[in-house]
Amino acid sequence: MTGDEIRRAIVRISHEIVEKQAGTQGLALVGIQRRGVPLAKRVADAIEEHEGVRVPVGALDITFYRDDLSLVAQQPIVKGTDLPFDLSGATVVLVDDVLYTGRTIRCAMDALIDFGRPRAIRLAVLIDRGHRELPIRADHVGKNVPTSREEIVKVHVAEIDGADEVSIARQVRAPDAGTADETGTAGN
Amino acid sequence: MTTVASAQTDIPATAWHHRHLIDLDVVSWPEIDLIMRTTDEMKGILARPIRKVPALNGRRVTTLFYEASTRTRVSFETAARNLSADVVSVAPATSSVTKGESLVDTVRTLEALGAEILVMRHSVSGAPYLAAEVFGGHVLNGGDGWHAHPTQALLDLYTMRENLPGGDLRGRKVAIVGDILHSRVARSNIWSLTAAGADLWLCGPATLLRGMDRWATAWSGGAIPGHGRFNVTSDIEAALHDADVVMGLRIQRERMQGGLLPSLREYAARFQLNAERVSLAKPGAIVMHPGPMNEGVEIAPDVAISGRSVITDQVANGVAVRMALLYLLAGAHEAAHGETPL
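These protein sequences, in sequence, are chains A and B.
Residues 12 to 199 in the working numbering are what the first sequence lists, from first letter to last.
Residues 2 to 343 in the working numbering are what the second sequence lists, from first letter to last.
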C-alpha cells in the first residue's frame, strides 16, 4: 500500500465508523501501541473533517496482558497507556495496524475492560492478513491481504517510521512463534 | 565517568537478562533505567480503578523472610498479587526451620512445592547467593545482613527521580545519615546512586562508618567503571550543606553491641535529622527514610511528617518498583537459560 492508499483507507474507515454508530455520540477511539496510536489519531482527524466533531482518542499498551511472557526472549518495552476519558457506556473502536492471530486484540479487550465497561467494543485495522487463532474479526478493514505465515507484513507510519507504507517481506530466518505478535513485524 | 554520561543520554531499549537480583553491583545503568521506566508503567496500573493486570498469571512467587519485616514483605506480596501471581508466604518461625532445616534444604523444598520466584530476606550477608546456587528459578533479595537491599535502593532512586526537577540525579547532592556500618540500604544505594551520577555523602559517627572510607578511597580514582566517587564524613554540617536529598537511616539497636555508640541520646544530639540541621540543605530538598523509623533518635518527628518528607512516597513506590522487578525477572527466564523461545 502506498501513502495515498493508506490515506484513502483511513478516510473510508472513518466514514464506516460514523455510519455504524449513526453519528459520533458516545464514540471513542483507542489505538493499540505502537502503530495503532497514530492511526487512531488519523481516523479521529478524518472524522473531525467530515463531521466537525472531535472524538476522544486514547492509547492502550497491552504488554501486561500478553499470555506469552515466558515465550519472548526479551520483554517488549512498555509504551504506555493513556485513556483520558470514561470508557463506561462508550462505543470504543480499537485501532491497530495489522490483524493477524487475534491475540493482541484479545489482550486489548481484557485491558479495556479493566478500565470500565464500554457499551460496545469494535475493531478497525489497516491490514487484515488472516491466520486467526481466536474467534475475532474486524468491523472495519483497510485492506485484506492474504499472506502465508512465513511472510512479514510491515506497516510503516510517518509518525514513527518517517513515511507511510505497507509492504510484505519474506521472513529471513525461521519463524519465531514466540516473538511473532499481531503485527508480525521485525521492527516492532 | 564518561560511560555514565553517555549511558544516560537517550538510553536505547535494553533487555533484562539477569536471572536473579541479589545486589545492584552487577546491574548496569541502562538496566537500572529500564527498571525505572517499567516502574513508571506499574505506577500507572496502581492508579487504575482495577489495580491488577494478568502479566504473571499462574506464576508462583514465594516469600521467605528469616528476619522481621512488614513493609518489604507486604510490599512484595502486594506487588506479586497486582501482577496476578500466586503468592506463598513462608515464615521460618513457624516452619521446619525451627526443627533445624538448613537454608539449602528449605530452598529445595520450596522449589519442589512449585516456587518459581523466591523473594528472601536473611540476617546473614550473602545468604541469597547460596540460595541462588540451588534454586532453579529466580532469587530476589529482600535484604541480607549488612550486604544488600536492592529493591529499597531502587525505590529510593525512583522516589528521588520523581521529586527532583528534571528527574536527573547527575550532580545532585545526596546525604545519607545514620548507621551506615550495619546498613544494607546504604550499601545498595552506593551502587545505584554512584551509577546515577549523584554526589553521594555518607555521614555518621566514625564507629558507624568503619571501612567505608577505605571503600570510598578505593573508588575515588574511577576504579569501578560506570560509578562515580562518593564521600564519607562525620561532619554532619558538611554532609547536609546544600544537599538535594537527605536520607536518614535507622539506628539498629539490635546490632549496637560493643559500645559503637555512647548512647542514643548522644547520637541524637550530634546526628539527628532535626529541622535546624535539615535547613542546611537546599530549600527544595527532600527528606527520606527507608523505615522503620526511631522517631526522636535518627530523625525528629516533625521532620518525618514535614512537607519535605517523601517517606510515604517511598512506601507507595516500593510496590511499583517490586512489580517491575518481578515482571522483568519472570520474563528473563528463557534468556537466562539460553533456551530458544518456543
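The hints are simulated quantities; they were obtained by calculation from the structure and are not laboratory data.
Here the structure is a predicted model, which is why all the values come from computation and not from measurement.
Any given hint could be a false lead.
Stated by the list, open to error - Below, a list of computed lysine-lysine pairs in the DSS-like style, where the Cα atoms sit at most 27 Å apart:
#1 K31/A x K90/A
#2 K90/A x K283/B
#3 K52/A x K165/A
#4 K100/B x K90/A
#5 K154/A x K165/A
#6 K52/A x K31/A
#7 K154/A x K31/A
#8 K52/A x K44/B
#9 K52/A x K154/A
What the hints assert, rightly or not - Here are some, though not all, of the chain A residues that point toward chain B, as calculated from beta-carbon distances under 7 Å:
#10 F75
#11 F96
#12 D125
Don't be surprised by glycine CBs; every beta carbon is placed ideally from N, CA and C.
Hints and how they fare:
At most 27 Å may separate the alpha-carbon atoms for a hinted pair to count; K31/A and K90/A exceed this at roughly 31 Å. Restraint check for K90/A and K283/B: not satisfied, since their Cα atoms lie roughly 35 Å apart, outside the 27 Å limit. Between K52/A and K165/A the alpha-carbon distance is near 20 Å, which keeps this suggested pair within the 27 Å criterion. Simply put, K100/B and K90/A have alpha-carbon atoms about 49 Å apart, too far for the 27 Å limit, and the pair is violated.
A C-alpha spacing of about 13 Å is found between K154/A and K165/A, which places the hinted pair at or below 27 Å, so the restraint holds. Among the hinted pairs, K52/A with K31/A is consistent with the structure: their alpha-carbon atoms are about 19 Å apart, no more than 27 Å. Our distance criterion of 27 Å between C-alpha atoms is met by K154/A and K31/A, whose separation comes to about 18 Å. As the CA atoms of K52/A and K44/B are separated by approximately 25 Å, the hinted pair is consistent with the 27 Å bound.
Our distance criterion of 27 Å between C-alpha atoms is met by K52/A and K154/A, whose separation comes to about 19 Å. Proximity of F75/A to chain B holds as hinted, the smallest CB-CB distance being about 4 Å (cut-off 7 Å). Of the supplied interface hints, the one on F96/A is violated, with its beta-carbon coming no nearer than about 14 Å to a beta-carbon of chain B, more than 7 Å. Of the supplied interface hints, the one on D125/A holds, with its beta-carbon coming within about 4 Å of a beta-carbon of chain B, less than 7 Å.
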